[in-house]
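Chemist: In order, the protein sequence lines correspond to chains A and B. Residue numbering for the first sequence follows full-length UniProt numbering, starting at 1 and increasing by one per position. Residue numbering for the second sequence follows full-length UniProt numbering, starting at 1 and increasing by one per position.
Derived by calculation from the structure, the hints in this document are not laboratory data. Misleading hints may appear alongside valid ones.
Claimed, not checked - Residues from chain B that face chain A, not an exhaustive set, calculated with beta carbons under 10 Å:
1) LEU85
2) LEU187
3) CYS317
All figures in this text were calculated on a predicted structure; none of them were measured in a lab. Beta carbons are placed, not taken as given, at the ideal position from N, Cα and C, and that holds for glycine.
Okay, here's what each chain looks like letter by letter:
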Amino acid sequence: MLTFLARRLIASFFIILGATFIAYILMSYAGDPLNAAYNIQDPTQRAQAIANLTRVLHLDVPPVARYFIWLKGIGGCFVGHCDFGQNVQLQSVGSNLGSALGNTLKLVTAATVVAIVIGVTVGVITALRQYSGLDYTVSFLTFLFFSLPVFWVGILLKEVIAIKYNDFLQGGAHYNWAIIIVVSLIIGFLAYSLVGGAPRRKLLIGAAAAVVAFALNWYMSATAWLLDPRLGIVVVGILALCIAYGMTALMAGTANRKALYSALTTAVLGIVLYQPLQYFFYNGMNFLKLLGLLVVAVIAAVVIGYLFGGDDRGLSARTAAFTAVLVGLVIFVDRLMRAWQTYSNDPAIGGRPLATTNPSTPNLDGDFWIQTLDTVTHLILPTLTLMLISLAGYSRYSRASMLEVLNQDYIRTARSKGLTERTVIVRHAFRNALIPLATVLALDVGALIGGAVLTETVFGWKAMGSLFQDGLTNYDPNPVMAFFLITALVAVVFNILADLAYAALDPRIRVGSA
Amino acid sequence: MTTTRTGTGADPQQSGPPAPPEETGSLEQKEVAGLSQGQIVRKRFLRHKGAMISLVVLILVILLAATSIGWGPIPGWYHWKYTDLPDPYNPQGEPTMSVPGLFGGHGWAWGIHPFGQDETGLDLFAAVMRGTQQTIVVILILGLLSTVIGVVIGAVAGYYRGWVDAVLMRFTDLIITLPIILITAVLGFVLNAHGIWSVALALGLLSWTTLARLVRGEFLALREREFVDAARVAGASDRRIIFKHILPNTVGIIAVNTTLLMGAGILSEAALSFLGFGIRLPDLSLGSLISAYAQSFSFRPWLFVWPGIFIIIIVLCINFIGDGLRDAFDPKQKRIPKARALRADRATSAKAELSTHETAAPPSPAVGL
Chain A
1 MLTFLARRLI
11 ASFFIILGAT
21 FIAYILMSYA
31 GDPLNAAYNI
41 QDPTQRAQAI
51 ANLTRVLHLD
61 VPPVARYFIW
71 LKGIGGCFVG
81 HCDFGQNVQL
91 QSVGSNLGSA
101 LGNTLKLVTA
111 ATVVAIVIGV
121 TVGVITALRQ
131 YSGLDYTVSF
141 LTFLFFSLPV
151 FWVGILLKEV
161 IAIKYNDFLQ
171 GGAHYNWAII
181 IVVSLIIGFL
191 AYSLVGGAPR
201 RKLLIGAAAA
211 VVAFALNWYM
221 SATAWLLDPR
231 LGIVVVGILA
241 LCIAYGMTAL
251 MAGTANRKAL
261 YSALTTAVLG
271 IVLYQPLQYF
281 FYNGMNFLKL
291 LGLLVVAVIA
301 AVVIGYLFGG
311 DDRGLSARTA
321 AFTAVLVGLV
331 IFVDRLMRAW
341 QTYSNDPAIG
351 GRPLATTNPS
361 TPNLDGDFWI
371 QTLDTVTHLI
381 LPTLTLMLIS
391 LAGYSRYSRA
401 SMLEVLNQDY
411 IRTARSKGLT
421 ERTVIVRHAF
431 RNALIPLATV
441 LALDVGALIG
451 GAVLTETVFG
461 WKAMGSLFQD
471 GLTNYDPNPV
481 MAFFLITALV
491 AVVFNILADL
501 AYAALDPRIR
511 VGSA
Chain B
1 MTTTRTGTGA
11 DPQQSGPPAP
21 PEETGSLEQK
31 EVAGLSQGQI
41 VRKRFLRHKG
51 AMISLVVLIL
61 VILLAATSIG
71 WGPIPGWYHW
81 KYTDLPDPYN
91 PQGEPTMSVP
101 GLFGGHGWAW
111 GIHPFGQDET
121 GLDLFAAVMR
131 GTQQTIVVIL
141 ILGLLSTVIG
151 VVIGAVAGYY
161 RGWVDAVLMR
171 FTDLIITLPI
181 ILITAVLGFV
191 LNAHGIWSVA
201 LALGLLSWTT
211 LARLVRGEFL
221 ALREREFVDA
231 ARVAGASDRR
241 IIFKHILPNT
251 VGIIAVNTTL
261 LMGAGILSEA
271 ALSFLGFGIR
281 LPDLSLGSLI
291 SAYAQSFSFR
301 PWLFVWPGIF
311 IIIIVLCINF
321 IGDGLRDAFD
331 PKQKRIPKAR
341 ALRADRATSA
351 KAELSTHETA
361 APPSPAVGL
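Required output: the full structure, derived from the provided sequences and hints.
Modeler: Below, the structure written as structure tokens:
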């Protein structure tokens with residue numbers, strides 16, 4: 001294991017060394033960084049600028065020597081003093097890199113998390129309902145998503161969805177009947193496809209879902225709910241109980257009374273604490289406190305699950321913990337919603353909350369909730385754009401791997417020894433189906449950071465993409481190399497992580513033999 | 001690594017006697033009985049509905065692009081060229097094409113500028129057709145280039161193994177990390193050209209990595225098989241073994257991967273153009289059209305939408321064809337039945353299994369592997 005790791009690390013080190021060398025030499029032959037300086041009108045200023053740039057970028061030595069000067073600066077990272085050099089505006093690249101990397105990571109993390117959650121869920125469901133109408137629809141959609149040019153979708157979302165939605169909010173947030181009916185029918189169809197059983201049962205549940213969706217939509221339209229969205233304690237309570245029941249059904253089976261009671265107790269605890277939490281949220285909220293709350297909630301849930309006891313305390317504790325996280329999420333979203341109207345009416349927002357440029361609104365003052373909401377509204381469209389393609393990948397892979405696993409002999413064995421379908425699918429099939437996804441995830445993250453360049457350009461984010469693009473347009477070597485170094489490092493590190501994860505998850509893989 | 005596949009590649013003498021009765025009776029075996037590998041693949045591909053529809057649509061799109069404004073020796077029937085700049089017909093250059101009232105138009109119409117015009121009067125239909133032609137040329141070059149490089153590197157690495165393999169694979173790892181945009185920018189600057197050739201070259205020189213890895217994997221497995229040993233004993237040269245004996249067996253992987261790679265290549269080309277490092281005027285592609293008109297979305301949305309729709313159609317078709325090819329070459333692939341047929345089939349086969357299991361021998365020992 002250690003020899004494998006050492007070998008991989010050494011090989012990767014030399015690959016990065018070689019790649020940066022090639023990239024640096026190519027970059028230096030791509031154009032002249034003095035281009036902008038040549039265009040200065042005043043001859044003395046021009047000479048001054050050219051001399052400055054030549055000194056800072058070491059243009060007086062050949063590219064190969066320049067590369068080693070650059071490498072020396074980067075090598076400083078090992079002793080805690082990185083030097084990424086300066087760009088043609090004579091700013092330090094290292095300081096620009098910090099904020100750029102932060103923005104890109106925000107975007108990529110959001111997109112990856114959402115894509116994995118939705119993609120894997122969709123993939124598993126379509127695998128379980130293979131050859132159904134839902135399966136064919138989803139398959140077609142994933143092919144469509146694969147075939148979309150990212151920036152085309154981004155511009156379309158920005159110019160159509162954002163503007164239409166903001167207009168819609170400004171127009172009073174009333175739906176027209178056609179939309180209500182279409183949305184309800186789609187939800188009805190989804191419910192019809194998702195539930196199993198006899199056609200009669202499927203139809204009934206589908207129809208019920210459509211009716212409920214219709215009523216909800218009508219209510220939201222009539223009360224202009226989207227202008228001032230909130231859940232309130234009643235809806236939070238209902239959702240919490242549903243989450244508790246659903247989590248138990250998924251993880252332990254509702255026949256496991258101990259698990260069910262621990263989850264329900266956790267949910268009730270969340271409902272009881274809902275009102276007191278609002279006061280806590282009101283005074284000087286920050287991210288650390290939020291994280292602390294989450295930890296406290298999980299610990300409380302684990303204790304509850306443990307106290308209920310029974311044969312399988314760990315299972316009860318796990319179920320309760322997942323319930324706690326989700327209930328906490330609901331309460332968090334509810335609190336965010338309460339800030340929506342204030343946020344939307346803020347003069348800096350002007351009633352058009354869905355943002356299309358920049359990672360955040362400049363000069364927006366407000367408490368933690370307003371700022372969080374601001375981040376969310378700015379993240380929605382870029383995340384959606386970036387997500388579509390990886391979403392297709394994840395759902396495709398998880399479907400294929402789930403189907404593969406479901407055809408294995410041990411699944412038949414599990415069924416034939418009388419385990420419930422839930423246990424077979426969740427515990428035997430799903431866990432094993434997730435193993436190949438480790439590789440997909442690793443490769444995807446590397447590709448996403450590169451792909452984010454397009455999305456960032458469309459939405460005008462100052463992030464890694466603009467660093468790279470602006471640098472390349474000005475033939476400015478240092479920002480381009482900084483981008484290149486980071487992406488190459490990420491790709492290499494995630495590749496190694498993928499191999500290790502694979503070996504850790506799948507005992508049949510021996511890591512040393514590769 | 002050096003596993004000789006004694007289990008699966010059984011000697012012909014051993015598989016000579018007729019298979020047990022319950023296997024000859026299966027649906028899949030009956031379907032492929034007496035057909036060559038090529039025939040089986042062709043049959044499966046022709047049966048793949050998505051791939052067949054896509055193939056037809058793709059051919060239609062190519063025919064439309066070739067015949068409308070003319071392509072080389074092919075005369076065009078369309079009345080504008082992509083270099084013409086007629087006066088605006090509608091005040092803003094709105095499209096004259098219209099659909100029946102049911103879909104929000106006013107009756108079928110084609111008109112003088114079906115896709116509309118831009119602010120200079122350029123006819124968008126002619127431009128989109130030209131872009132489609134150029135895009136097709138780009139992906140053909142890209143496909144050819146990356147197939148040749150990928151197959152040669154993968155084959156050599158997988159066949160010779162050892163240090164050749166190590167060097168070639170580390171080189172592949174290195175190429176994977178290089179960003180395409182950088183290479184395109186450099187090529188564009190050095191050749192002082194921003195036409196389709198420099199972009200196709202840059203894409204082709206960097207897109208072969210996946211194919212090389214896949215081909216190498218296949219070669220590593222195939223070179224241990226008995227037929228390769230037989231060829232070697234018979235005195236065949238390395239070149240002959242690689243090209244005559246092993247390569248034909250990897251054609252499935254190559255076909256599938258090249259197809260998907262060409263689909264992805266269109267998107268890469270469009271992305272490059274959008275970032276300003278791809279094809280530039282006077283040369284144009286679908287990607288460069290989108291990026292040129294990205295800013296005019298609020299005034300003339302049709303300029304932005306039509307090239308995008310053509311890209312999506314072409315890439316979608318290519319991806320479906322790739323999927324069809326993958327299914328066709330996949331030995332495990334079974335006919336995809338409708339859900340109802342599947343249930344009926346399960347019911348009958350369960351009954352059949354019950355009856356055969358009472359009489360027939362237990363299943364073959366292959367399960368133990």
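Chemist: Checked against the structure, which of the hints given earlier come out wrong?
Modeler: Per hint list: single violation, 1.
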